[in-house]
Structures are given as C-alpha cells and as structure tokens.
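Kindly produce the complete structure, drawing on both the sequences and the hints.
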Amino acid sequence: MPNILIDVAAEFTGKRAFDQAGKSTTGLEKNVKKLASAFGLAFSTQRVVAYGKASVKAFAEDNAAIIVLRQNLKNLGLAYESTNAETFIGNLEKQTGILDDELRPAYAKLAKVTLSTAKTQELMALAVDLARSNGLDLTTVVTTLSRAYIGNNRGLKQLNIGLSDAELKTKDFAEIQAILIKQSQGAGKAYIETFAGSIDKLAVASANAKEVIGEGLVDLFADLAGNGDIDQATSNINEFSTAIGTLLKDLDKFTFLDFVATFVTGSITQETFDKLNRQPGGGFTDSQNAARLAAEKKARADAKAAAAKLAAEKKAAKAAAAAKIAADKLAAANAAKLAKAQSIFDMDKIQIEAALKGKISADERLRLELQRAILNEDFDLADKLQKRLEASQRATAALQGTLAAIKPVPSPFTEWIKSLEDISKTLSKILGTPINMTSSSIMNPNQPGGPGIGAATPTPVTATVVTPTVVNPLPVVVTAIPTTNMPTTGTGTGTGPFYGQELPWYMRSSGAASSAPEITVNVTNTGSVIMQDEFVTAVSDAVTIGLGQGLKLTPPGSLPAFE
Amino acid sequence: MPVAVKGGLALRKALRQYTPDLAKQLPKEMAIALKPIVKAARGYAPSESETLSNWKPRAMSEARFPTYNASMVKRGIGYKTTPSKPNRRGFRSLARLFNNTAAGAIYETAGRKTPDSRFVQNINNKYGSSMKGKGKLEGRVLYRAYEEDQGKAQTGVLKAIEKAKVKLNQRASVVG
Numbered sequence: 001m002p003n004i005l006i007d008v009a010a011e012f013t014g015k016r017a018f019d020q021a022g023k024s025t026t027g028l029e030k031n032v033k034k035l036a037s038a039f040g041l042a043f044s045t046q047r048v049v050a051y052g053k054a055s056v057k058a059f060a061e062d063n064a065a066i067i068v069l070r071q072n073l074k075n076l077g078l079a080y081e082s083t084n085a086e087t088f089i090g091n092l093e094k095q096t097g098i099l100d101d102e103l104r105p106a107y108a109k110l111a112k113v114t115l116s117t118a119k120t121q122e123l124m125a126l127a128v129d130l131a132r133s134n135g136l137d138l139t140t141v142v143t144t145l146s147r148a149y150i151g152n153n154r155g156l157k158q159l160n161i162g163l164s165d166a167e168l169k170t171k172d173f174a175e176i177q178a179i180l181i182k183q184s185q186g187a188g189k190a191y192i193e194t195f196a197g198s199i200d201k202l203a204v205a206s207a208n209a210k211e212v213i214g215e216g217l218v219d220l221f222a223d224l225a226g227n228g229d230i231d232q233a234t235s236n237i238n239e240f241s242t243a244i245g246t247l248l249k250d251l252d253k254f255t256f257l258d259f260v261a262t263f264v265t266g267s268i269t270q271e272t273f274d275k276l277n278r279q280p281g282g283g284f285t286d287s288q289n290a291a292r293l294a295a296e297k298k299a300r301a302d303a304k305a306a307a308a309k310l311a312a313e314k315k316a317a318k319a320a321a322a323a324k325i326a327a328d329k330l331a332a333a334n335a336a337k338l339a340k341a342q343s344i345f346d347m348d349k350i351q352i353e354a355a356l357k358g359k360i361s362a363d364e365r366l367r368l369e370l371q372r373a374i375l376n377e378d379f380d381l382a383d384k385l386q387k388r389l390e391a392s393q394r395a396t397a398a399l400q401g402t403l404a405a406i407k408p409v410p411s412p413f414t415e416w417i418k419s420l421e422d423i424s425k426t427l428s429k430i431l432g433t434p435i436n437m438t439s440s441s442i443m444n445p446n447q448p449g450g451p452g453i454g455a456a457t458p459t460p461v462t463a464t465v466v467t468p469t470v471v472n473p474l475p476v477v478v479t480a481i482p483t484t485n486m487p488t489t490g491t492g493t494g495t496g497p498f499y500g501q502e503l504p505w506y507m508r509s510s511g512a513a514s515s516a517p518e519i520t521v522n523v524t525n526t527g528s529v530i531m532q533d534e535f536v537t538a539v540s541d542a543v544t545i546g547l548g549q550g551l552k553l554t555p556p557g558s559l560p561a562f563e
Numbered sequence: 564m565p566v567a568v569k570g571g572l573a574l575r576k577a578l579r580q581y582t583p584d585l586a587k588q589l590p591k592e593m594a595i596a597l598k599p600i601v602k603a604a605r606g607y608a609p610s611e612s613e614t615l616s617n618w619k620p621r622a623m624s625e626a627r628f629p630t631y632n633a634s635m636v637k638r639g640i641g642y643k644t645t646p647s648k649p650n651r652r653g654f655r656s657l658a659r660l661f662n663n664t665a666a667g668a669i670y671e672t673a674g675r676k677t678p679d680s681r682f683v684q685n686i687n688n689k690y691g692s693s694m695k696g697k698g699k700l701e702g703r704v705l706y707r708a709y710e711e712d713q714g715k716a717q718t719g720v721l722k723a724i725e726k727a728k729v730k731l732n733q734r735a736s737v738v739g
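Protein sequences, first through last, are from chains P and Y.
At position 287 of the first sequence the residue is numbered 287 (our numbering), and the sequence of numbers has no breaks.
Start counting at 1 in the second sequence, then tack on 563, and there's your number in our numbering.
Treat the hints with caution; some may be incorrect.
Covered by chain P, per the in silico footprint, the following chain Y stretches (three or more residues, Cβ under 8 Å) [claimed, not checked]:
(1) 568–581
(2) 607–621
(3) 666–675
So the derived label-pair ranges between C-beta atoms look like this [as the list claims (entries may be wrong)]:
(4) Y:R579 x P:F12: 54 to 64 Å
(5) P:F12 x Y:A665: 43 to 53 Å
(6) Y:E625 x P:A326: 38 to 48 Å
(7) P:K298 x Y:A665: 51 to 61 Å
(8) P:A319 x Y:R579: 57 to 67 Å
(9) P:F12 x Y:N687: 36 to 46 Å
Treat the hints as calculated values from the structure; they're not laboratory data.
Glycine included, C-beta positions come from ideal geometry on N, C-alpha and C.
Pasting the structure below:
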C-alpha cells in the first residue's frame, strides 16, 4: 500500500512498539516451539546421539582411569585394596562433589608416597578440605601433601599453614598434618552444603549417569558386533545413532523395558534389536539384510496398495451412493412429471377446473376446491376447505333462521286498487273530468287466476315497462272557417292572424270542438306488477305529453278545482 | 509534521460515552477543515485527457507497472477522521489525509530521487514542475495541496478538538 499519508494530528500511545516487541517475542517463542516440535524428535535424537557418544567416551575414560588406578595399586602391592579404593573414591565423589576423574589420579599419587590405603584415604580427605578452604584445586593440594609427606615442605606455604620456614623445618609431617586438619576441618563439608556444592554434586551424578549409560551402550555395541569386539562395536556407533533416531520417532512402538534394556542394563533382547536395527550392516549378513529390507519394502508396498485399494473402494462406494441418490431424485422427478401429465387427462379434474372458471357462488367454489383437493390427495388443504365449508353452512343455516324469524310484510297488491282509485280521484280533481283508467295487465291478486294471497310458490317479479299512450281526439282539420264567434274580424278571408290557419278545437264554436274532449289515458303494462309510483309517473308523463301537444286539460274559462 | 496531541483518544472515548452528539460533531468539524485540501489535491491530479499517453490503462497488457486511471486516482485521495492503529513509532493519528492509489503515489512523488529520469521529464514537460513541500512531504498532489493550505487544516482540526473538549467540560461540570 502506498505510503502517501499526512497525519494532521497524532497521539503517542507507545503501545505499538511494545506490542510489536511482544508480538515478536511471542512469535519467536511460537516459532521456536514450532521448530522444536517439528524437529523435536530429530533434535532430541541428535542430542541423544551426541549424548550417547559422549557417554560412551566418558565410560571409556572412566574405565581407563580405573584400570590405571588398579595397575598403580597393583604396582604398589595394594592390589587387594582396589575395591576398597574404588568404594572410597565413589563415596568421596558423592560427598565432596569432586569427580572421580580427579580423585583417582590424586589417590594414586598419594598411594605412591604413603604406600598405605588408610593413610592415602586420610590424606585424601585432608586434601579435599584444604582445597576447599584455600580455594585451590585438589591436584595442587595433593601434590603439596605428597611432597610434604616425603619431607619437602616447600609448597606448604600456599596452604596458609601459618608456620615459618624454620618451624616447618623442625616439624614432622604428622604435626603438620595435625595443624592442617585443625585449620581446615569441615571445609569440605561446608562447601558441599553450599549452592556451588550442590551443583558439583549434580555434575557428579550426571557424569556417573553418563558413564553408566555409556557402559550400557558399549555392551550393546559389543552385542551388535556379535563377537564382543569393541572395535567392531565402536564402528557401529553411527549406525546405531540412526537406529536411535528411528526408535525415538516411533516411540509408541517401544516400551520402557526396551529403553531400559538398551541403555541401562546393556543387554538387549532380539526383539528390541530387531526394532532398533533398521540399517544395513547392523550385525546381519548382507543377504539377511537384503532379505529383510526386501521384506520390509514389500510389506510397505503391500500396506500402501491395501490403503490405496481401501481408499478406492471408499471412493467408489461414495460415488455409488451419490449416483443412487441422484437416480432416486430423477425417478421422483419423473414420477411427478408423469402424475402432472396424467392429471391433464383426468376428466373429474378437468370438470372441476372448468367449473371453477365459471361464475359460481363462494359456497360452490369452496365445494369444488374441496373436491379437487380430495382428488389430488392434498389432505391438509382438504381439511382446511372442509372446515371452511362447514363454517359456511353453519352461517347459511343461521341466516335462514334469521330470515325465517322475520315477519311477513303485507302484500302491496292489496293496496293497488285503493291506489288506483286514489289516483283516479286525484286526476279527476285536477282535470275536472272523470278519468277512466283501464289496465288489463294490472293483476288483482284477489281475483281468480291471480297469484292470490298466500300462494305457496312466489311468482318471480319481472321488470315493468310502462308505455303510456295518450288517446285524444286528433285535431280536426277545419276546412271551413267558421263565420261566427270568431275572435278575428272576418271569417278567414280577412287579414286576421288565423286567416287560412287551422283553428285549435277550443277555439271552434261549433261541432265536436265546442266542448273539451275527454282525455283518455291508457296505461299499457307489459309486466305483471306495477308499483303505484310508476303508475302515477306514467300518467303524469302522459298528461305532460298531452299538454305539449296542445290538448286541453280544463275547459276554456274554467278554473281547476283544488281540494 | 503532525501535531502531537495528548488525550485526543481519551477525549473521543469520553465524548462517545457521555455526549454522543458532540462525538458526532467532532469528526464533522474536522472534515470541514480537511475537505478543502482533498478538493484541491483532486484538482491537481491529472484528468483522463491530461494523462501521459503511454501511462493510460491499455487492454491485453501483462505489464505490472501501475497505469494511471484518473478517476481511480482521484477517488483514492481522501481524508479520515477515525483514529488509526499505532504505527511503528507508537503514534495514532486522529485525522489524516491520504493518497491511496499506486498511480497516485507515483505521480505524487516521482522525481524525488531521480529528477532527471525520462518519466519525470515527461511529467514536468506536460504538467510543469509542480512539486511543493519539503523532504518527505514533497509532492505534486496531496503534499502540494497541504503545503498550499499553510496549516489551516491543522488549525481547524485542533480547534475542533479543543471546542469539543471545552463543550464536554462545560457539560460535565456540576452545578450546584
């Protein structure tokens, strides 16, 4: 990421550096651990191998030192004290923290001058104390003591004995020894109880362990050689180191006893040997090794082939299972398709679908949908629809009950005659003349042939179309202009407004026009029932039309009578 | 050089906790101070028509050198008012300007070390020598705008922080 950045305001928190350091340390730790874990076995193997080598060397050196001491003692005529000497040296080593590598030569040196095991051991103890108290090494002190024993007191000054040369010359070794013991008594013990002393003791224990392990390894090598030849055995150290590495890699295959047998006791079972010795040249002949290697190789190849075969079988089984699942799915899909295709030719379903498309009531739709659900075996839907249908039926029954509880209204037909009579009266009053209203199609429910009151089957009511026609005397064409009672001068020959015109009937003085013709209104009812309002409307329309045509409603000069 | 502020992060935390409205107001006021620089910097970045001819993006090219896409470069110039993570030296930025794109950075700083290269000569010939600033704050786009701003943005940011602090203290004081 480019670093073109301008920090306008920043705050120092100081955390990053420490966090970075912390992270680095943590990271380093993790890396180290990872490295250790990745190479742990190998690392340990190398360490063990190195330790093994060192231990073998330590044992060898220790062995050599023992042999030298024995030889020395033997030369001094103290061969029988060899065991005693070894025991003493071992104990002294543990008590003082000084390695036997140092003690043995010192012992040998003192033994040479004292020619006595007891004196040697006495002086050894003194030498240790003097070394600790004066901070000198044991070898120097032992050399000084051994010289002093034979009369050479020159080196005693460095021991801080506190005597002058003259005094030293006059005193014998026993006196000097007494003084030295008095001066340095307990120094060794005091030292060993310190921390440094503890470390020395651990070092001694470790060195001893190394020697013991080395001893075991040496024996092992001797066994591997087959003939106890240490030279042959030592030449196999590298091969054995590799075998140790292999051993440590496959820790779970080995038991504690294997390790004990290998490293501690020095004896090894054939079985452990077989496990350990995986490299050629480990004590078998070439043909044996070759056969063994070939067998191992074959075993590995067989194992690999078996694993591959198992993996292949697993893969095949998995593929077969997947194929089966896919085939089942396909079959199910095909079956669904077929079922759907079949449903196209199912007449019941076709009929239901067709019916659903038509104009049907909600209840009928519900029934059809239920039937369809049953045919489709959709039980959940069928259940729901059934419940809805039942609810609908209950509601219908309730409605019917409610309707039944409603009182019947009086039939309007009984009021008809009265209505017509009222109309007739009203019109008569308006017009001032009696009006005949005839309607052949007005049904009198009380007359025979009519529906009657209380008929069982109610007659369906149809719409009424009312076509009023006004029958009125058509205007008469006046061919001759009357001469009398003319409002105009002249009888048509004059120049009045009506000259040459037809006179309306109410202006005619003779003939049928002298009196107002009656207006007859025929109301033709093409339906079966007419409502009062419609009848009145029809009559009013007819009267209006008549007025528009110039018909007379009232005689000239008469006033309409109003009640 | 950025101004070192003490307690800026704690202030923001306190604002967020006790006066959320001031916490929202502070970045807005900082943005007011920073926007002019961003605007100017975007203006200094060459547009599509002004780009060096061979630096434009081209099809069927496997070259890895970043090509100059004017809209991308301008989009990559901006500001931020949220605190950043600590850098190597332990500093956290409270307000910053950035020029994020590779081509933008190239155009910004090309010529700092090799002013006589062909590429730099081409740029100078086309756009004129327009680098401003000093040392590591020398550039053609963002650094130039910042240099020309003469510290006003910084002052604005600090003022905004100060104002928020004063208001917080006023509200936090106990009356009684």
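Fill in: Earlier hints that do not hold, by number
Violated hints: 2, 4, 5; rest satisfied.
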